[in-house]
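So the protein lines, in turn, are chains X and P.
Per our numbering, the very first residue in the first sequence carries number 520; after that it's consecutive.
Per our numbering, the very first residue in the second sequence carries number 36; after that it's consecutive.
To be clear, the hints were calculated from the coordinates, so they are not data collected in a lab.
Just so it is clear, the structure is predicted and the values come from calculations on it, not from any experiment.
For each residue, glycine too, the CB sits at the ideal point set by N, CA and C.
Misleading hints may appear alongside valid ones.
FRET-style restraints, in silico, Cβ to Cβ [claimed, not checked]:
hint	chain 1	residue 1	chain 2	residue 2	range
1	X	Asn651	P	Ser156	36 to 46 Å
2	X	Pro567	P	Ser79	22 to 32 Å
3	X	Gln699	P	Gln64	20 to 30 Å
4	P	Asn91	X	Thr682	39 to 49 Å
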Amino acid sequence: MSPILGIYASQISGHLGIPIISSSDYYSIATQTVGSGGASSITFSSIPSTYTHLQLRMMVRETSTSNGYSMQFNGDTGNNYARHYLYGTGSSAAAAAAVTSTSSMILADAAISTSTTGVFGASVCDVLDYTNVNKNKVIKTLGGYDNNGNGAIFFNSGLWMNTSSVTSIVINPDAGSFAQYSSFALYGIK
Amino acid sequence: MAAGITYQPIQTQTLTLTASSVTFNSIPQGYTDLVVISNIKPSSSASGYGPSFQINGDTGSNYSYTLIYGNGSSAGSIRASSINYARYGSGGSTSTLEADVTHIMNYSNTTTYKTIFARFSQPSADTGAFVNLWRNTAAITLLTFYGNDGGSIAAGSTFSLYGIASA
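If we strip away everything but chain X, and leave its shape as in the complex, we get (with noise of 0.2 Å):
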């Protein structure tokens, strides 16, 4: 790595702390952060009907040993979801599904009891045209976590065989409960 030479003034043109594009289309609703006991599922209800799109965006760490957590819809907690997964080790790629019949989607891996204190696994996604009632509705997510020498990436995919609008989110650990200081952030996109 070179070191830290910046750039001349004559090099750039640009912007500070001057917006310079309407940022009137992405609210924030509403922001979960777990507490010192954990949380054994994080619910965002009552969502309102006034966007076209929603994104969350998390920070996790789960006190089990189980990587993953996953997501459902207004309570269905049936075999009503499909899910496709492409997802790298650090070693090799690889994907996998579970097309019908399964009973949430999976949104990525999180560090775990066993990771680096301080690391937390992130994830961004994102459930489009949620209160359209002739769709069923998907999600994409793009989430991972690194520990300096084990970790995963994910490009996640999520069906749920419903058209009915979505007004409330659980999100689930596959085992255990969401550690303290992992949050859950909320955003409506017009």
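Once you've looked at the hints, dock chain P against the given chain X.
Quick look at chain P alone, frame taken from chain X:
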């Protein structure tokens, strides 16, 4: 649920000449996440590694990443541990601009190490994503971006920094 407008542009830099690096400094701490959208090409081919960045001027071996990629004929995954940079781009072409989006999660908290995604698309070479770890709990106030092998970035490249504040 309370709702507030967010995803604010903080700064955009467009290179009119080749630059040894691009720096965002004095980054405001009033947001939850940062997003950097970059449209770049390195000024020289990679002999070791592709476009990279460093945080808060940290040149130590405090970074690591896991990468997944596809190059048109195969897919793969690579890990690098205890290195002195994080990654955000492909660097597979010096003639075609690539599109990169870097998500810097919870950048201002002082409790956790920092996890940073970078999704890259280089139409002449490959596409994929990194999940980076910076093993430091400090708030991020400075980002420095490089081309291939820690080298320079070509004219015409752009970097835009945005802030997202959660409710």
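Going down the list of hints, with the structure as the test:
1. X/Asn651 - P/Ser156: 36 to 46 Å: Cβ of X/Asn651 to Cβ of P/Ser156: about 28 Å, so the range 36 to 46 Å is violated.
2. X/Pro567 - P/Ser79: 22 to 32 Å: violated, 50 Å
3. X/Gln699 - P/Gln64: 20 to 30 Å: The hint (20 to 30 Å, Cβ to Cβ) holds, given that X/Gln699 and P/Gln64 are roughly 22 Å apart.
4. P/Asn91 - X/Thr682: 39 to 49 Å: holds, 48 Å
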